[in-house]
Amino acid sequence: MRLSDRLFIFIAACLALLVLAFVDAAVRVRLAEPALEARATLVRQLELTDLSLFTEARYTRHLSQSDIHTAFQDHPNSFDHFPSGSLVLPPSHLRVP
Amino acid sequence: MKKLILRQKYLIDFTLSSLKRRLAKNLGLLLVYTLIVFLLASVMLFTHSLRREAGIILESSPEIILQRLVAGRHDLMPAEYLDRIGRIRGVTRKAGRLWGYFYDPAVQANYTLMVPRDRDLGQQEVVIGAGIARTRGVDVGDFLTFRSSDGRAFSFRVVDILEADAELVNADLLLVSEGTYRDFFGIPADRFTDIVLQVRNPSEVRKVAEKLTVLLPDARPILREEILRTYDSIFSWRQGIVFVLLGGSILAFVIFAWDKASGLSAEEKREIGILKAIGWETSDVIRMKFWEGSIVSLTAFLLGFILAYLHVFYGQAALFEPVLKGWAVIYPSFNPTPFVDGLQVATLFFFTVFPYTVATIIPIWQASITDPDAVMR
Amino acid sequence: MIELDDVKKAFNQGRPNEFWAIRGVSLRVDANRITVLKGPSGSGKTTLLSMIGCLSRPTSGRILLRSRILSGLPERFLTEIRRKTFGFIFQQFNLVKGLTVLENVMLPAYPLGLDHQPLKEAALKLLGQFNMESKADSKVEWLSGGEAQRTAICRALINDPEILIADEPTANLDTRLSREFMAIIRDLKQQGKTVIVTSHDPVVFEYAGIDTVVEMRDGNLAEA
Ligand SMILES: Nc1ncnc2c1ncn2[C@@H]1O[C@H](COP(=O)(O)OP(=O)(O)OP(=O)(O)O)[C@@H](O)[C@H]1O
Ligand SMILES: [Mg+2]
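Each protein sequence line maps, in turn, to chains A, B and C. The opening residue of the first sequence carries number 1 in the working numbering; numbering runs sequentially from there. The opening residue of the second sequence carries number 1001 in the working numbering; numbering runs sequentially from there. The opening residue of the third sequence carries number 2001 in the working numbering; numbering runs sequentially from there.
Okay, chain A solo, but in the shape it has when bound (with noise of 0.2 Å):
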């Protein structure tokens, strides 16, 4: 078989993962729906302002609810004592001064 046709074939069933992709990313976040319906509905009940992903530290666990005081905001780009803090942004209505 000539070398562009096989390319063809190799550049065709990468495209057709590339679709595939894509339309299981939109099936899926169909599927999700019910599973957001209930994470909204436990932060509406619990009243809950933000993701579980950094637990280390007060600031960090609760990103929106921390102030201009706490270390996080020394200054904006500054890198935290805190991984997390090099990964994520003070909230923005800090940065502004």
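Because the hints were derived from the structure by calculation, they are not lab data. If you're wondering where the values come from, they're calculated on a predicted model, not measured in any experiment. Be a bit skeptical, because a hint or two may be false.
Heads up, simulated DSBU-like pairs for lysine-lysine below, C-alpha to C-alpha not over 30 Å straight-line [unchecked claim]:
{"#": "1", "chain 1": "C", "residue 1": "Lys2120", "chain 2": "C", "residue 2": "Lys2139"}
{"#": "2", "chain 1": "C", "residue 1": "Lys2008", "chain 2": "B", "residue 2": "Lys1003"}
{"#": "3", "chain 1": "C", "residue 1": "Lys2139", "chain 2": "B", "residue 2": "Lys1009"}
{"#": "4", "chain 1": "B", "residue 1": "Lys1020", "chain 2": "C", "residue 2": "Lys2125"}
{"#": "5", "chain 1": "C", "residue 1": "Lys2139", "chain 2": "B", "residue 2": "Lys1020"}
{"#": "6", "chain 1": "C", "residue 1": "Lys2084", "chain 2": "B", "residue 2": "Lys1269"}
{"#": "7", "chain 1": "B", "residue 1": "Lys1020", "chain 2": "C", "residue 2": "Lys2135"}
{"#": "8", "chain 1": "C", "residue 1": "Lys2097", "chain 2": "B", "residue 2": "Lys1025"}
{"#": "9", "chain 1": "C", "residue 1": "Lys2008", "chain 2": "B", "residue 2": "Lys1002"}
{"#": "10", "chain 1": "C", "residue 1": "Lys2139", "chain 2": "B", "residue 2": "Lys1025"}
{"#": "11", "chain 1": "C", "residue 1": "Lys2084", "chain 2": "B", "residue 2": "Lys1009"}
{"#": "12", "chain 1": "C", "residue 1": "Lys2097", "chain 2": "B", "residue 2": "Lys1009"}
{"#": "13", "chain 1": "B", "residue 1": "Lys1269", "chain 2": "C", "residue 2": "Lys2008"}
{"#": "14", "chain 1": "B", "residue 1": "Lys1269", "chain 2": "C", "residue 2": "Lys2135"}
Got chain A; can you put chains B and C with the ligands on it based on the hints?
Same frame as chain A, now just chains B and C with the ligands:
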């Protein structure tokens, strides 16, 4: 038209043959290229889906939270503030929240203790998040013992575990009754952690917040839109070690790829001379190189993206876990909901395929406009 | 068929190392003839040949192909004429390394965009004529000198050109292979091709089948 396509196919044949000649080198390049696309796409897919999900579920957060500050630190909220707020137009509900942090020395983890409004829990009952259940290795019916602020040991029976499906928000939650909470932390009955307010009309939220700051000068309102904005800029593109590290490796790759793509060896120059001498047009040579650049970069993009998709949405973004986890002991286990932004993917496509292709063409341009008679020497 | 009219060629014109390699050559090459350009090294044979084959342009003077002036044509047309009219056999053969014999032979036809199967068959048939079909799938870097030569000839013939141009084709071959090459050239002439060869190899310019010998000296035609 058919001729044109057949012609391109021949050019692709030739390009592939010449790529095959230096197979190991070109495969190495493709591998590194794919890896970079994979990392970029993983970061992109992960942050985007997290951002979208946070936006959707935190839409249900309270409209306004009122925090009290004393000498620049959070302080407990006196219950009488609820009365001092009185009736503000637009506020449909106001209530004190009770929540705080508890450090568990047994596993060196931080928990978030909360008093739920919708559950009636007994004195010694506790509901825990799936993250805690996993870290402590407990199940419904087991007991957890913590030492309170005044040194007493409190034993709790786990009566329920919060839905594992919602770990993204509840991994470290520990729900207890109000009485237990106050007793455990020694918080008087007339104090709350903060106050939440419900405002029916979104356009009134700012006005309500202004009134609150006037009424209670030592309190600070946090609006839901601020929460949402915080999570909208989560992992902001310009931030973070990941990007600093990635930036370094991308730079290294760019230099490598540029060198590889743009530096023409004497052999390649001679080859172009031969092709031109036997009747290839300058444009054929350039197109042939264009195909080389686009084949390599397109393959890298497709493979990298597909692998990234599998990694993030089927592999729990396992590579990022150590980074996101940081020093935390409790980390939610979750497969992000696959929100994919077509525009973002298109941007990634453009920035991975276009520069490389251009870098392969530019030097060829110079080489292929020279006279072909050099091959006679 | 081809006429050269007071053709001159300068290298590095206007610079201190300016060098006139061809200093006014007028010449006629007739169709269906074998013409040999001979002369000492540096006399300008290769330079003249590359101008005839549209690989480079004369600094002044005119080159006519079937009464059509080539010298002024834009690059694109020159390439097309080169592809359709001329087949080249180079001194170092100039095969593209890493490709197979078959691919090398097909290479000049790639820009034509022909159907693949007929082209492949034509190439195999050509290779067959030169007893090379068993080598069709070997890489060119493993070929012996004679096999590389025959591959180069097949490549020159794939587009069925009227004129074959060979620059020192026997320089890398021994006497036996050189004779074989001249026999091939003679056969090609019988098939109606015009052949122009440069050489300082006696096997070539003393070969019985050639029609014209043109001698060059210092960029001029030597008075024969
Ligand atoms: N690109 C160039 N720049 C400068 N001088 C050149 C260039 N090409 C050829 N020359 C000079 O032109 C002269 C003629 O060269 P040419 O290659 O035509 O000679 P030749 O007759 O083919 O010699 P040989 O028999 O050794 O192949 C030589 O003196 C050579 O140095
Ligand atoms: Mg020469």
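Need the list of violated hint numbers for this structure, in ascending order. 2, 9
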